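Please put together the full structure from these sequences, using the hints given.
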Amino acid sequence: MGKNWMRLDNAALIFPAISHTRWSNVFRVSATLTEPVDPALLQRAAADLMPRFPSMYVRLKTGVFWHYLEALPAPPQVREDFAFPLTLMQKKELKTCCIRVIYFKNRIAVEFFHSLTDGTGGIIYLKTLTARYLHLKYGADVPAEEGVLDLNEAPLPEELEDSFPRFSNGVALDDRETDALRLRGTREPNFLHLTTGIVPAGALKAAAHRYGVTVTVFLTAVMAESILAYQTERCPERRRRKPVRITVPINLRRIYGSKTLRNFALTLNPGVDPRMGDYDLGELCSVIAAQLNAEATPQRMAGRIAANVNPQNISLIRAVPLPVKSFIMRLIYNRRGESKGCINVSNLGVIRVPEAMAPFVRRMEFIIGTQRSYPNNCSVATFGDETYINMIRNIREPELERRFFSRLVELNVPVAVETNSN
Amino acid sequence: MYCVKCGVRLTDGAAACPLCRTPVRDPDGAEAAPAAPTYPERYPAPPKTRRYPILAFLTALLLAVSLSAMIYCLTNLHAVSWSGYVMLACALVYFALLFPFWFEKREPLIFVPIGFGLTCGYLLYICLYTGGSWFLSFAFPVTMLAGLLTTASVLLFRFGKRRRLLKIGVLLTVIGLSNMLIEFFLCITFDTRMFAWSLYPVCSFSLVGLVLILCCTIPGWRAYLEKKLFL
Numbered sequence: 001m002g003k004n005w006m007r008l009d010n011a012a013l014i015f016p017a018i019s020h021t022r023w024s025n026v027f028r029v030s031a032t033l034t035e036p037v038d039p040a041l042l043q044r045a046a047a048d049l050m051p052r053f054p055s056m057y058v059r060l061k062t063g064v065f066w067h068y069l070e071a072l073p074a075p076p077q078v079r080e081d082f083a084f085p086l087t088l089m090q091k092k093e094l095k096t097c098c099i100r101v102i103y104f105k106n107r108i109a110v111e112f113f114h115s116l117t118d119g120t121g122g123i124i125y126l127k128t129l130t131a132r133y134l135h136l137k138y139g140a141d142v143p144a145e146e147g148v149l150d151l152n153e154a155p156l157p158e159e160l161e162d163s164f165p166r167f168s169n170g171v172a173l174d175d176r177e178t179d180a181l182r183l184r185g186t187r188e189p190n191f192l193h194l195t196t197g198i199v200p201a202g203a204l205k206a207a208a209h210r211y212g213v214t215v216t217v218f219l220t221a222v223m224a225e226s227i228l229a230y231q232t233e234r235c236p237e238r239r240r241r242k243p244v245r246i247t248v249p250i251n252l253r254r255i256y257g258s259k260t261l262r263n264f265a266l267t268l269n270p271g272v273d274p275r276m277g278d279y280d281l282g283e284l285c286s287v288i289a290a291q292l293n294a295e296a297t298p299q300r301m302a303g304r305i306a307a308n309v310n311p312q313n314i315s316l317i318r319a320v321p322l323p324v325k326s327f328i329m330r331l332i333y334n335r336r337g338e339s340k341g342c343i344n345v346s347n348l349g350v351i352r353v354p355e356a357m358a359p360f361v362r363r364m365e366f367i368i369g370t371q372r373s374y375p376n377n378c379s380v381a382t383f384g385d386e387t388y389i390n391m392i393r394n395i396r397e398p399e400l401e402r403r404f405f406s407r408l409v410e411l412n413v414p415v416a417v418e419t420n421s422n
Numbered sequence: 001m002y003c004v005k006c007g008v009r010l011t012d013g014a015a016a017c018p019l020c021r022t023p024v025r026d027p028d029g030a031e032a033a034p035a036a037p038t039y040p041e042r043y044p045a046p047p048k049t050r051r052y053p054i055l056a057f058l059t060a061l062l063l064a065v066s067l068s069a070m071i072y073c074l075t076n077l078h079a080v081s082w083s084g085y086v087m088l089a090c091a092l093v094y095f096a097l098l099f100p101f102w103f104e105k106r107e108p109l110i111f112v113p114i115g116f117g118l119t120c121g122y123l124l125y126i127c128l129y130t131g132g133s134w135f136l137s138f139a140f141p142v143t144m145l146a147g148l149l150t151t152a153s154v155l156l157f158r159f160g161k162r163r164r165l166l167k168i169g170v171l172l173t174v175i176g177l178s179n180m181l182i183e184f185f186l187c188i189t190f191d192t193r194m195f196a197w198s199l200y201p202v203c204s205f206s207l208v209g210l211v212l213i214l215c216c217t218i219p220g221w222r223a224y225l226e227k228k229l230f231l
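For the record, the sequence lines run as chains A and B. Letter 390 of the first sequence, counting from 1, is numbered 390 in our numbering, and no numbers are missing. Letter 115 of the second sequence, counting from 1, is numbered 115 in our numbering, and no numbers are missing.
Calculated from the structure, these hints are not laboratory results. Note that this is a predicted model, so its numbers are computed, not measured. Since no wrong hints were added, every one of them can be taken at face value.
Cut-off 30 Å, straight-line C-alpha distance, at most; resulting in silico cross-link-like pairs (DSBU-like, lysine-lysine):
id : chain 1 : residue 1 : chain 2 : residue 2
1  : A       : Lys92     : B       : Lys105
2  : A       : Lys91     : B       : Lys48
3  : A       : Lys95     : A       : Lys61
4  : A       : Lys105    : B       : Lys48
5  : B       : Lys48     : A       : Lys95
6  : B       : Lys48     : A       : Lys61
7  : A       : Lys61     : A       : Lys91
8  : A       : Lys137    : A       : Lys105
9  : A       : Lys340    : B       : Lys167
10 : A       : Lys325    : A       : Lys92
11 : B       : Lys105    : A       : Lys91
12 : B       : Lys48     : A       : Lys92
13 : A       : Lys95     : A       : Lys259
14 : A       : Lys325    : B       : Lys48
15 : A       : Lys92     : A       : Lys61
16 : B       : Lys167    : A       : Lys242
17 : B       : Lys5      : A       : Lys205
18 : A       : Lys325    : A       : Lys340
One-sided excerpt, in silico: chain B residues whose CB lies under 8 Å from chain A:
id : residue
19 : Cys6
20 : Val8
21 : Arg9
22 : Leu10
23 : Tyr39
24 : Pro40
25 : Pro44
26 : Pro46
Just so you know, even glycine gets a beta-carbon here, dropped at the ideal spot from N, CA and C.
Okay, here's the thing in structure tokens:
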């Protein structure tokens, strides 16, 4: 980092602007070990990672024109877990630290404010943290492979870069969409319900292949089908139904080969309009696969990046004071951001760890928080032979979860559920 | 154990399915030990709202202003004099703007009419103190009209978010027409000329309102205007 502060990357700019007292965009990655976690050693491991991950050990500060990330003077204090994951990060906390290192029994978890990094960056940090912890506890020598970084190396400039401007093609892509269906329920003001569906990765893959699509597309299609059924029940009059779209984050590192540890993902909203007619799962799979394939190309994504990067390059916009800028960003986000999708289905893919680490790690998971305006969210990660589908909600009714998981069971994908709410 | 209704496997010892709430009937019964919880039963404190100190400060400020005005008047002028206006204005500001924020849930349908009622009371005081005769024929009906319109718009926009454009249209037309009523009350109280100015706001407001109503009722208008006027 050189100096002790850095600019927010292009995607990160929105998160401080839209967070408020009761909500901020936080996600969690966690690793469950075979034995209980030693907090003192975890604290040491977290401290050892500090020079290697300068972009993670930061706090959010306010400038006149932009927010910026300032290096922490000391590593964050590890703490014990709460009854529910993803406890809100209030603005006051963000000003002191944007990352939480958490333990509970056998589990190490790290929660990030989304301005620091995305799921891919988070999992690299978690793997390196776990590797360091295992080294301190058991003397395990984990090689720097499969996403574990070498702590003896200095951070690479490309890991700290904001990759968005580099891959923008300058031509902003116009993707105006109508508003999607909004799921509703009885709000739980101070509780987040988390339901984890554990499914055999092989069975899930086989089910997806039966429909000729990838696991991400399959899960997105099953989610869309569940939401369509939910809407059909509530709104019998077809003409009044709203489009059902699922927000799917696309990891741009896979498209452009960037190595950045900061945010480098953009979302697409594949879906269908139920006013046009009913869709079965096979049709949903092919429609969603076609939409994703058409959009997730380097050329189209560069256009989407440009749409976000171009305004940032206009001097007049840069010179607007931060409060005004935040207000305008919030307005645009409300109009063009979340309103276009019903739920996120964020698939981190297969998490692989080096062989030396595998005997100590039982499970790795990825959990995203609820969005600002919609109540449900879903994140998926596969570790070993199991896929962990984490569905989080801030409403009382587990209706979407019930429809989604029982549909998977119907499709010959056995599901075991765990929950934090009883 | 599996849920008999949705078919998912449950954690050992679960009393009911977390998805469909179907009670679990485990043949092994008491032998199955409950599984270890996945999260601790430790709850973080809900985010604290910091508005109470600010509210207390503002309340104290209003109190200080009204008290100092009264003390000044009583010691220097030996009468309540203009401090009455200041005190009642402070009370009005307090009840209309600050008082609702002491409550967790602010119900505008209660606080908005109260605010207008208090404004009426304030105007009545001024009228009586200055010996005027304009309260009953002008201030009271106009304040009530404004209160009625504000409460109606709160009602309209609070319940049901559909057809907002139509509601705005109707509201603008009514606001336009109410200008004529205001001029009528002015006319009978202060003997001014009728239709001196009210026709302008009536026309402009009603025109905009009518266009909005038409946009909502005639299919195709809205799409056409959207096409021509997008930013």
